[in-house]
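Trainee: One letter stands for each residue in the lines below.
Protein chains: 2
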Amino acid sequence: MRNLTLLTDLYELTMGQGYFNEGRQHEIAAFDVFFRPNSLITYSVAAGMEQVADYLEALSFTEEDIAYLRSVGGFSEEFLTYLKGLRFTGDVVSVREGELVFPYEPILTVKAPIIEAQLVETAILTFVNHQTLIASKAAKIVDAAGGGVMEFGLRRAQGADAGIYGARAAMIGGCVGTSNVYAGKLFDVPVSGTMAHSWVMNFESELEAFRAYARSFPEGCLLLVDTYDTLKSGVPHAIQVFKELRAAGHEPKGIRLDSGDLAYLSKEARKMLDAAGFPKTIICASGDLDEHSISSLKEQGAKIDSWGVGTKLITSADLPALGGVYKLAAVFENGREIPKIKLSDTTEKITNPGMKEVYRLYDNATNKAIADLITRADEHIDETKPLEIFHPVETWKRMTLTNFHARNIRTPLIQNGKAVRGHQHVLEHAAYFRAERANFWEEYTRRDMPHIYKVDLSSALYDLKAEMVKRGKQDA
Amino acid sequence: MRNLTLLTDLYELTMGQGYFNEGRQHEIAAFDVFFRPNSLITYSVAAGMEQVADYLEALSFTEEDIAYLRSVGGFSEEFLTYLKGLRFTGDVVSVREGELVFPYEPILTVKAPIIEAQLVETAILTFVNHQTLIASKAAKIVDAAGGGVMEFGLRRAQGADAGIYGARAAMIGGCVGTSNVYAGKLFDVPVSGTMAHSWVMNFESELEAFRAYARSFPEGCLLLVDTYDTLKSGVPHAIQVFKELRAAGHEPKGIRLDSGDLAYLSKEARKMLDAAGFPKTIICASGDLDEHSISSLKEQGAKIDSWGVGTKLITSADLPALGGVYKLAAVFENGREIPKIKLSDTTEKITNPGMKEVYRLYDNATNKAIADLITRADEHIDETKPLEIFHPVETWKRMTLTNFHARNIRTPLIQNGKAVRGHQHVLEHAAYFRAERANFWEEYTRRDMPHIYKVDLSSALYDLKAEMVKRGKQDA
Numbered sequence: 028m029r030n031l032t033l034l035t036d037l038y039e040l041t042m043g044q045g046y047f048n049e050g051r052q053h054e055i056a057a058f059d060v061f062f063r064p065n066s067l068i069t070y071s072v073a074a075g076m077e078q079v080a081d082y083l084e085a086l087s088f089t090e091e092d093i094a095y096l097r098s099v100g101g102f103s104e105e106f107l108t109y110l111k112g113l114r115f116t117g118d119v120v121s122v123r124e125g126e127l128v129f130p131y132e133p134i135l136t137v138k139a140p141i142i143e144a145q146l147v148e149t150a151i152l153t154f155v156n157h158q159t160l161i162a163s164k165a166a167k168i169v170d171a172a173g174g175g176v177m178e179f180g181l182r183r184a185q186g187a188d189a190g191i192y193g194a195r196a197a198m199i200g201g202c203v204g205t206s207n208v209y210a211g212k213l214f215d216v217p218v219s220g221t222m223a224h225s226w227v228m229n230f231e232s233e234l235e236a237f238r239a240y241a242r243s244f245p246e247g248c249l250l251l252v253d254t255y256d257t258l259k260s261g262v263p264h265a266i267q268v269f270k271e272l273r274a275a276g277h278e279p280k281g282i283r284l285d286s287g288d289l290a291y292l293s294k295e296a297r298k299m300l301d302a303a304g305f306p307k308t309i310i311c312a313s314g315d316l317d318e319h320s321i322s323s324l325k326e327q328g329a330k331i332d333s334w335g336v337g338t339k340l341i342t343s344a345d346l347p348a349l350g351g352v353y354k355l356a357a358v359f360e361n362g363r364e365i366p367k368i369k370l371s372d373t374t375e376k377i378t379n380p381g382m383k384e385v386y387r388l389y390d391n392a393t394n395k396a397i398a399d400l401i402t403r404a405d406e407h408i409d410e411t412k413p414l415e416i417f418h419p420v421e422t423w424k425r426m427t428l429t430n431f432h433a434r435n436i437r438t439p440l441i442q443n444g445k446a447v448r449g450h451q452h453v454l455e456h457a458a459y460f461r462a463e464r465a466n467f468w469e470e471y472t473r474r475d476m477p478h479i480y481k482v483d484l485s486s487a488l489y490d491l492k493a494e495m496v497k498r499g500k501q502d503a
Numbered sequence: 028m029r030n031l032t033l034l035t036d037l038y039e040l041t042m043g044q045g046y047f048n049e050g051r052q053h054e055i056a057a058f059d060v061f062f063r064p065n066s067l068i069t070y071s072v073a074a075g076m077e078q079v080a081d082y083l084e085a086l087s088f089t090e091e092d093i094a095y096l097r098s099v100g101g102f103s104e105e106f107l108t109y110l111k112g113l114r115f116t117g118d119v120v121s122v123r124e125g126e127l128v129f130p131y132e133p134i135l136t137v138k139a140p141i142i143e144a145q146l147v148e149t150a151i152l153t154f155v156n157h158q159t160l161i162a163s164k165a166a167k168i169v170d171a172a173g174g175g176v177m178e179f180g181l182r183r184a185q186g187a188d189a190g191i192y193g194a195r196a197a198m199i200g201g202c203v204g205t206s207n208v209y210a211g212k213l214f215d216v217p218v219s220g221t222m223a224h225s226w227v228m229n230f231e232s233e234l235e236a237f238r239a240y241a242r243s244f245p246e247g248c249l250l251l252v253d254t255y256d257t258l259k260s261g262v263p264h265a266i267q268v269f270k271e272l273r274a275a276g277h278e279p280k281g282i283r284l285d286s287g288d289l290a291y292l293s294k295e296a297r298k299m300l301d302a303a304g305f306p307k308t309i310i311c312a313s314g315d316l317d318e319h320s321i322s323s324l325k326e327q328g329a330k331i332d333s334w335g336v337g338t339k340l341i342t343s344a345d346l347p348a349l350g351g352v353y354k355l356a357a358v359f360e361n362g363r364e365i366p367k368i369k370l371s372d373t374t375e376k377i378t379n380p381g382m383k384e385v386y387r388l389y390d391n392a393t394n395k396a397i398a399d400l401i402t403r404a405d406e407h408i409d410e411t412k413p414l415e416i417f418h419p420v421e422t423w424k425r426m427t428l429t430n431f432h433a434r435n436i437r438t439p440l441i442q443n444g445k446a447v448r449g450h451q452h453v454l455e456h457a458a459y460f461r462a463e464r465a466n467f468w469e470e471y472t473r474r475d476m477p478h479i480y481k482v483d484l485s486s487a488l489y490d491l492k493a494e495m496v497k498r499g500k501q502d503a
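Sequences listed follow chains S and P, in order.
Okay, so the first sequence: first residue is 28 according to this note's numbering, each after it adds one.
Okay, so the second sequence: first residue is 28 according to this note's numbering, each after it adds one.
A hint or two may mislead.
A pair holds if it fits inside one copy or across any two, identical chains being indistinguishable in the list.
[Claimed, not checked] Here are the simulated lysine to aspartate or glutamate pairs, EDC-like style, with alpha carbons at most 16 Å apart:
| hint | residue 1 | residue 2 |
| --- | --- | --- |
| 1 | K424 | E235 |
| 2 | K367 | E231 |
| 3 | K376 | D332 |
| 4 | K369 | E231 |
Everything labelled a hint here was simulated from the structure, so no lab data went into it.
All of these numbers come straight from a predicted model, not from anything done at the bench.
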């Protein structure tokens, strides 16, 4: 594993030097990671927490790192010595990967000595922002396709990690496989792929190219049919080779379309394959797809069983950053919590102060999620009594819950610097996501103009925030 | 360095197995990397070639990789043994980093045994697509700002590599520094950063936070002034601390604005700083900036000296993938070149066949670039004679050049598997880009609606292509 300890913004280290000089390196602070709303994502699928855990456990400056920081200038030898011995000793609480998460919820909280807590801000945001973004995009695409989506984007990914961890996140969001062999090995997930146009161009004829491929891969043979003319050449040649395969005792897998009008071509190809006695073969399609084009193709009856999605998934092309932030929630004096708030003229930008938890409230009759409730950390939700919840800004919007249960969606990830939540297989995270998503009314998960799922504040948290806003304004 | 040999699409390996079974593993093939036009980038700034060279030199499957491929299934033991011994033995020719490049130009060509040439397709595209994209985006932003752009995007990057190599590419495109410490160390480029809002929130008062920072960093002190109220609190407190610093013999550096109306605030802050006797302090601005907002702010007279650009640079938010492709150009039989072409119903998607070179033609009188000319590899451009060039589709658009010189913009990168072009410092690539860009009329590099720079085909290449298109159509 690469040592990513230097994967941080310089200001985390200059602030570290500052706190060190002030003798404040033992002060404990807590920071929340959360997202603000955006118009493109109705819900997010949390991902990247295992990468955060690995990174935090491995955090350690090498001699070379220290020498580099010395060369940057501005750092004292005392501070560099402190950094040399620095390990992450704090606690992290977070949602699990595959959890559905919503704006403003603290999906991850770091509580650690202030210098450590600042140092790790950047990398935590990088990992969680990226993987959550791609898992969320994948979920939308898979939803539009109704399944059968393959992640094909490595060559258009923003560097190697974007391809590798993007493939991982895509699987959590519901993709059934990836073309990325590195990711396949690292995460033990299904890989797929057959041939490129260059293969077909590299033989005397398309038919000969197909035959050669079938010789090497008689089982599960899938042929790319659009190199020359899909319906006049590609599909007929594929059918011819499929017949030869069947005569030799092998059942072919199907064809792939990578250009042209995928709705028209897939419908025509389906007819041709069915008429030739291959109704069980599948049709894969690829080529600049996303949730919108997939939905549109399906609307017109495209006969596509499997979708290879590249660029627009691996880069989340219409929203290439989620914009998660890391905000100070509290500091501690002799173990006593002092809540902190970031004020702003924009109401939505005022942070939720103090140590918090996030509860998902489910209706017992339907087992569907009703709302999420952000509470102060020491609150207890009594499921035996009616619970009134209200909108965090338009507070006159209220509802009372009875016959419900509450689930704290966060659990410890790191305690005293040690990972306490074992890694799970990526496909387990994916299964969790699928199961939990079924607990949401589809009105909340619709791609366009969804009903907005409620994320409310408990009365205690609301009161604390209101009081601090008032006080903050008085101080200004 | 990580072993990225498995960073490939599975189909590169299934095709490899196919060629191996056909006994064609010694056949030599050549592939070109090029981009197609897009509406957002007027010219691209090539980057990522050094990463390509490092990757190719290190290419080697580990025992573990081979065991993994065995577990995937479909590969023969003979082929796996072949892969175990596989190294990249081919040749790569490419433009240098920092070169201005245009659509359809083969900016990199791989000539190698077919299995090797296919295997490396994906990673080469990943590296070149990503770094060229970010360098090009940076160039646009730097152009709008007129300099002084810092890369601040790590936390919003699509994974660690996107942050690290994105920072590198941003420097090639003209950024003067990065917040990314890892990139700073790896590429020896300037890093910068001072404090976050959390620093200010972590002291009893803004004034106390500024004083504490000034105690630690009396030289080059730069203060973030928008935590509470920029003009009523932040700037006055900064001025107070600047006066204290000056009294102690230190000159302050300036202030940073991260929210609010940056035009209004910067103009007011400038007046306040000037009036207080600090006309040499700088004003840095950050917060969701890109070339459009920077240009718009400058238009309104914003007094901003330094721009911290994050999300929209590191993700190239409005165009998060460049879409570079890797297309078969030729195969070789007993050393004899057999040009290959990919046909398409879309004229622009028909590839340029055969081995090629790219010449940039400069006017001797002005030393400005007139056009790029893609030629067959064996052509010689005689600068002593008039040269007629013409549009590759609208062939009646012609011009004759006299008093010009030609420069082949590509040089060998790898020969027989060994890197032959040494790495250069990132800032040398940046300087090269700056110098070569000055050789272009500004009409070609304008951000919006630029005049389109000519990329023509030589007569010989045009004739070859026309003949192959005709023949290809007859065959279809």
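Trainee: Would you mind marking each hint as holding or not holding in the structure?
Mentor: Hint check results:
In this homomeric assembly, K424 and E235 never come within 16 Å of each other (Cα to Cα): the closest approach is 69 Å inside a single copy and 41 Å across copies. Proximity of K367 to E231 under the C-alpha cut-off of 16 Å is restricted to the inter-copy arrangement: shortest distance 11 Å between copies versus 71 Å within a copy. With identical chains, the CA atoms of K376 and D332 are never at most 16 Å apart, being 44 Å at best within one copy and 27 Å at best between copies. With identical chains, the CA atoms of K369 and E231 are at most 16 Å apart between copies only, with a shortest distance of 14 Å across copies and 68 Å within one.
Hints 1 and 3, counting from the list given before, are not met by this structure.
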